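Number of protein chains: 2
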Amino acid sequence: MSIIPTSRAVSAPNRAKTPKGQATRARIVDAAAALVFEEGVAGTSLDDVGAAARVGKSQIYHYFADKSSLISEVVTRQTIAVLAGQEPHISRLDNWGSWAAWRDQLVREQDENHCTGGCPLGSIANELADTDEDARAVLVDSFDQWERAFADGITRMKAAGALRADADAASLASAVLAAVQGGLLLCKTRKSTKPLEASLDASIAYLRTFAP
Amino acid sequence: MSIIPTSRAVSAPNRAKTPKGQATRARIVDAAAALVFEEGVAGTSLDDVGAAARVGKSQIYHYFADKSSLISEVVTRQTIAVLAGQEPHISRLDNWGSWAAWRDQLVREQDENHCTGGCPLGSIANELADTDEDARAVLVDSFDQWERAFADGITRMKAAGALRADADAASLASAVLAAVQGGLLLCKTRKSTKPLEASLDASIAYLRTFAP
DNA sequence: ACAAAAATGTACTTGCCGGTACATTCTCAA
DNA sequence: TTGAGAATGTACCGGCAAGTACATTTTTGT
Chain C
1 MSIIPTSRAV SAPNRAKTPK GQATRARIVD AAAALVFEEG VAGTSLDDVG
51 AAARVGKSQI YHYFADKSSL ISEVVTRQTI AVLAGQEPHI SRLDNWGSWA
101 AWRDQLVREQ DENHCTGGCP LGSIANELAD TDEDARAVLV DSFDQWERAF
151 ADGITRMKAA GALRADADAA SLASAVLAAV QGGLLLCKTR KSTKPLEASL
201 DASIAYLRTF AP
Chain A
1 MSIIPTSRAV SAPNRAKTPK GQATRARIVD AAAALVFEEG VAGTSLDDVG
51 AAARVGKSQI YHYFADKSSL ISEVVTRQTI AVLAGQEPHI SRLDNWGSWA
101 AWRDQLVREQ DENHCTGGCP LGSIANELAD TDEDARAVLV DSFDQWERAF
151 ADGITRMKAA GALRADADAA SLASAVLAAV QGGLLLCKTR KSTKPLEASL
201 DASIAYLRTF AP
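Quick note, the sequences are listed as chains C and A, same order.
With UniProt numbering applied, the first sequence corresponds to residues 1 to 212, in that order.
With UniProt numbering applied, the second sequence corresponds to residues 1 to 212, in that order.
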């Protein structure tokens with residue numbers, strides 16, 4: 001019954017014209033990203049964001065059209081952070097050792113976070129996919145990038161003969177991403193890394209069944 | 001040793017003392033469940049719930065301590081609905097045909113929903129796991145039940161010789177549930193059933209690798 | 001029938017939140 | 001120096017949502 005906003009702010013003009021302005025704008029996005037990760041989109045007020053960024057609310061509206069625009073920016077920022085957080089392994093998933101190291105890093109990070117927060121992108125996707133077309137579009141792009149990292153590794157392994165030719169890189173990559181997301185959701189719900197480990201181990205083991 | 005934490009919502013006294021009261025209470029939970037599925041917890045106001053249930057807000061507070069208690073009730077209600085929605089297959093996952101039928105039903109349902117909403121339990125878990133201990137406890141129980149259905153099927157297949165003895169029912173079941181949740185999240189984000197299909201197919205195919 | 005208990009309706013409070021208006025301060029280039 | 005554009009601060013508005021108070025109607029047990 002909700003009215004889904006049809007207007008898409010294609011590419012919001014960056015209203016920060018000076019280095020100082022850019023820095024302030026970046027502080028706002030950083031603060032918003034951290035708060036959204038902890039409290040969710042609905043749970044994060046712009047007053048909170050302003051306080052965390054040591055900035056008045058008028059500043060937020062000076063640099064962003066509305067809350068939705070700011071959130072979209074948060075998603076692009078978090079996409080970079082999430083992918084960077086999986087380096088160096090995610091760029092080198094062309095051998096089984098890298099897959100294992102990537103898996104271990106993901107599990108360790110959740111352990112250090114005491115299984116809170118889950119995936120910054122998955123959480124936002126879950127909250128906004130059906131109600132914010134702009135955010136959804138950015139999130140689709142984010143997941144595409146993430147998935148491509150997996151697909152690239154799989155493709156290179158096929159080329160190197162480490163995986164058979166009948167391994168479908170695209171759908172396998174999609175399944176791996178789903179395993180990550182589902183594993184993180186169960187991890188933060190059960191407050192245990194076990195479900196994440198089971199999910200990642202299963203998807204990597206399935207990949208291994210395509211070894212020659 | 002450890003006292004299994006029962007949610008306050010479940011153990012709290014049901015204040016509906018008459019059939020009429022029970023009916024009203026049930027109407028409230030039903031309306032809340034539907035609205036939460038569409039708009040999320042934060043996006044659902046108690047005024048909306050009251051309007052949908054044709055009930056004053058005082059009624060809601062007559063039957064529930066607060067919003068959180070109502071939501072916990074919604075989770076238990078949705079758990080029943082989600083599991084029932086996967087019948088008859090989910091109770092008979094002791095042969096490959098049932099797994100396929102179960103998978104097809106899940107995909108078809110998302111297709112009919114135009115890939116909106118995702119999993120009613122997963123969405124709530126994502127929103128509340130870190131902020132509402134009561135709801136989290138109920139959700140853990142929900143996921144346990146769901147997973148147990150998978151584990152039961154796997155165990156029966158092992159007993160029947162359709163799966164090898166080294167197939168770990170518990171962790172495989174956990175991986176399947178993660179695949180469902182991750183697949184549904186990507187499904188509703190990408191507005192396509194493809195990621196869900198890839199995820200479910202991969203996890204079932206992995207199961208099959210444990211066939212003798 | 002009739003009190004007691006349960007169910008229900010109306011109206012209100014309080015606080016927060018997205019968004020706006022507008023004045024003021026800062027910065028830099030001509 | 002100065003003035004125009006950029007950055008920032010303060011104050012406010014309207015609406016909504018959780019939760020409360022309390023009166024009224026309906027049902028139930030005896």
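Careful: at least some of the hints might be erroneous.
Identical chains blur together in the list; that is why a pair holds if it fits in one copy or across any two.
What the hints assert, rightly or not - Using 25 Å as the maximum straight-line C-alpha spacing, the simulated DSS-like pairs for lysine-lysine come out as follows: (1) Lys194 with Lys20; (2) Lys67 with Lys57; (3) Lys67 with Lys191; (4) Lys20 with Lys57; (5) Lys191 with Lys17; (6) Lys17 with Lys194; (7) Lys67 with Lys20; (8) Lys191 with Lys57; (9) Lys57 with Lys158; (10) Lys158 with Lys67; (11) Lys191 with Lys20; (12) Lys158 with Lys194; (13) Lys17 with Lys158; (14) Lys67 with Lys194; (15) Lys17 with Lys57; (16) Lys67 with Lys17; (17) Lys57 with Lys194; (18) Lys20 with Lys158.
Hints are computed from structural coordinates only; laboratory data are not their basis.
Only a predicted model underlies this, so the values are computations on that prediction, with no experimental measurement involved.
Verification of the hints:
1. Lys194 with Lys20: Answer is neither: 45 Å inside a copy and 45 Å across each miss the 25 Å cutoff.
2. Lys67 with Lys57: within (11 Å within a copy, 30 Å between copies)
3. Lys67 with Lys191: between (31 Å within a copy, 23 Å between copies)
4. Lys20 with Lys57: Close inside one copy (17 Å), not across copies (49 Å); limit 25 Å.
5. Lys191 with Lys17: The answer is neither: 44 Å in one copy and 37 Å across copies each exceed 25 Å.
6. Lys17 with Lys194: neither (48 Å within a copy, 42 Å between copies)
7. Lys67 with Lys20: within (22 Å within a copy, 44 Å between copies)
8. Lys191 with Lys57: neither (35 Å within a copy, 34 Å between copies)
9. Lys57 with Lys158: For Lys57 and Lys158, neither the intra-copy (52 Å) nor the inter-copy (61 Å) Cα distance is at most 25 Å.
10. Lys158 with Lys67: The answer is neither: 44 Å in one copy and 53 Å across copies each exceed 25 Å.
11. Lys191 with Lys20: neither (41 Å within a copy, 40 Å between copies)
12. Lys158 with Lys194: between (30 Å within a copy, 23 Å between copies)
13. Lys17 with Lys158: Neither: 47 Å inside a chain and 66 Å across chains, both beyond 25 Å.
14. Lys67 with Lys194: neither (36 Å within a copy, 31 Å between copies)
15. Lys17 with Lys57: within (18 Å within a copy, 50 Å between copies)
16. Lys67 with Lys17: within (20 Å within a copy, 45 Å between copies)
17. Lys57 with Lys194: neither (42 Å within a copy, 42 Å between copies)
18. Lys20 with Lys158: Cα proximity of Lys20 and Lys158: none, with 48 Å in one copy and 65 Å across.
Hint violations for this structure: numbers 1, 5, 6, 8, 9, 10, 11, 13, 14, 17, 18, all remaining hints satisfied.
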